[in-house]
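**Q** The chain contents come next:
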Amino acid sequence: MTFAKTLRTALRALRRNITRSALTVLGIVIGIAAVIAMMEIGKGSSGAIAKTISSMGANNLLVLPGAAASGGVSFGGGSTLTLTAEDCDAILRECPAVKAAAPLVRARTQVIYKERNWVPQSIVGSTPAYLEVRDWSNLTEGEMFSAADVRNASRVCLVGQTIVRELFQGRSPVGEEIRLQSVGFRVVGVLSQKGANAFGQDQDDLVLAPWTTIKYRVSGSSGSGAAAGGSASASSTSNSVFPGAPSVFPATSAAQALDKPMPVRFANVDQILVAAASSPEIRSAMAQITDLLRERHRARPGEPEDFSLRDMTETANALSSTTTMMTNLLLAVALISLVVGGVGIMNIMLVSVTERTREIGLRMAVGARARDILLQFLTEATVLCLLGGLLGLSLGRGAAIIVKQLLRWPVEASLEAVIASIAVSAAVGIVFGFYPAWKASRLDPIEALRYE
Amino acid sequence: MPRPLIQLEDIRRTFHVGDIDVPVLRGITLCIERGEMVALTGPSGSGKTTLMNTLGCLDRPTSGSYWLDDEEITRLTKDGRARVRNRKIGFVFQSFNLLPRTTALEQVMMPLSYTASGITDREARRRAEDLLVMVGLSERMDHTPSQLSGGQQQRVAIARALVNRPPVLFADEPTGNLDSRTTLEVLAMLQRVNAEEGITIIVVTHDPVVAGHTRRNIRLRDGLVESDTAQTPLLAGVAAAAPAPEEAAA
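Same order as they appear, the protein sequences are chains A and B.
Counted from 1, the first sequence has number 192 at position 192 by my numbering; the numbering is strictly sequential.
Counted from 1, the second sequence has number 206 at position 206 by my numbering; the numbering is strictly sequential.
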């Protein structure tokens, strides 16, 4: 009997008893629907959890300058000035696993507004990309400073909620002027509340300004006095300060560049904060950044790097263990419901074999071999389960969409769940259909024909 | 001299019930030629159903040899017997054994799906339609068994038995569930199949009227052939032989 004929016979037999077929398959339908709905809701929630955790910095990488050493005495991490804003641009441009990168310049000083003063936990100089890296894009008020502000070292800043509370006593600070070391900054925006980080540090106690401004106008501590005042010509490698400006020097070839010693960098930054595109890509992002910076800093093979890279392993681990646990939990529930559905199928198929004993006898009498009968019943069970699986799939999707619409839960369609549930329902049909089919094929035609 | 269509030599069949051996067939030897129409009669317990199952390749004798259409059946495997049943034997049962909720056309086509040599769907359909026309059910091809009378159901069963053009047709009490009028109708149909298609027909019955419509009557008693007599068949009547298709469903 060909496969097409077997399939047609099975479909015909199922249609002959449509109500029972529908009831039989209900277990599978509900099982698959539950699996799909839970997978979609679960995936949505774990996506939301992942987003929350990564906003805590799980996907962030920190590039720090390396340690300077003199006569065997190390000055500790960060004591050289090797990172530049161009490194940051290059990382973003050339590392595919990197989503965003922002240079950081830090300062710690007093902030004055009218008659009040406050020393924020952190005064950070960066670029507009900082908000993307920190997953902090929604501002309470105002707007982010622009790339042009960074180029011009404009005296603008954003303040965190703590600053609003302490300096402005809750009033809107946008448009007001604050002073950092006697440099006036216009407040252009207010950051949304972020709360404390994992170590209890208040992240809202922050003043955020263009890194050029902090570096050249405020901190002035990094030995970059020559560049203070924003004089672009002093910056040896920075052409991005004046994009489109003709290059003063003739272009150097790669060979020339390799031979030339690295100039002293006046435009160095303290750190580069990088966000990997996703948590699984942290490792490749680290490798790409290492390769890129070694090349840019002309480190010969075997030579130690003049920078170091840190990831937030602890938070990243928390993230992956949360998702793994969630997935395993869902899988366990899914398996149980499918086994229950499968047992239901087996039950009804056994009843069906008993009820159709005479049909089986007749089929054998007109020439069906044991194998034909086995295949017929197996096909019936499998087709039934597959149809149930498809029905369950659409029901589950529908349920997920309803949940999304009514409860506003995050929902994410999952192709794996679709493929898995189809495969599983076919497998359930084969596994639980086999015993009844085998029983049918073992019937004796004489007795089957006489069965009442 | 060619072998007859059916040749039985010393066929014995013993059933084991617990520790007791119950011999049901105790050495049956007979020949049936092509084109014969034979009645197999005898009181209940005489072994006629067991003999019929053996002849129909549903059962295997304990000993003896059985040649059907130049093939030794007792040596065949289960699948081999299934193939013989499909190609060489048609069955008509007392209780019709039609599939529920299946149209007459599909019932008749069903055995073809187990035929190894591929028959196209169109060919299968054409054959089934021809046979249903032959048994006078051209108007009822799309009817399910519950929409057909007993006689019509048995005629669908006859069409189904003939769809693979077997040389022999076995009918086990084919009229046992029918009234006397439809009995004649079915007998006329069998006589026509025998006369026009040359198909050998073996009817198992305990009804002397049914047996009287055949040309040869083999009587069994206690697992042995008691008598084997040729006779002039009764004719089942011209009116019943061509039943009106518009006959009302029972």
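Some hints could be false.
To be verified - Restricting the straight-line Cα-Cα distance to at most 25 angstroms, the calculated cross-link-like pairs of lysine-lysine (PhoX-like) are: (1) A/Lys-5 / A/Lys-439; (2) A/Lys-51 / A/Lys-194; (3) B/Lys-78 / A/Lys-439; (4) A/Lys-51 / A/Lys-404; (5) A/Lys-194 / A/Lys-99; (6) A/Lys-5 / B/Lys-88; (7) B/Lys-78 / A/Lys-5; (8) B/Lys-78 / B/Lys-88; (9) A/Lys-51 / A/Lys-99.
Hints in this document: simulated from the structure, not taken from any laboratory.
**Q** For every hint, state whether the structure bears it out.
**A** Here's how the hints hold up against the structure:
Restraint check for A/Lys-5 and A/Lys-439: satisfied, since their Cα atoms lie roughly 21 angstroms apart, inside the 25 angstroms limit. This hinted pair checks out: A/Lys-51 and A/Lys-194 have alpha carbons roughly 14 angstroms apart, not beyond 25 angstroms. A hinted pair counts as satisfied when its Cα atoms are at most 25 angstroms apart, and B/Lys-78 with A/Lys-439 qualifies at roughly 16 angstroms. Between the alpha carbons of A/Lys-51 and A/Lys-404 the distance comes to roughly 18 angstroms, so the proposed pair stays at or under 25 angstroms and holds.
This hinted pair checks out: A/Lys-194 and A/Lys-99 have alpha carbons roughly 21 angstroms apart, not beyond 25 angstroms. For the hint linking A/Lys-5 to B/Lys-88, the alpha-carbon distance of about 22 angstroms falls within 25 angstroms, and the restraint holds. Between B/Lys-78 and A/Lys-5, the direct Cα distance comes to roughly 22 angstroms. Compliance with the 25 angstroms bound is thereby established for this hinted pair. Between the alpha carbons of B/Lys-78 and B/Lys-88 the distance comes to roughly 15 angstroms, so the proposed pair stays at or under 25 angstroms and holds.
Under the criterion of a C-alpha separation no larger than 25 angstroms, the hint pairing A/Lys-51 with A/Lys-99 is consistent with the structure, at around 14 angstroms.
Of the numbered hints listed earlier, not one is contradicted by the structure.
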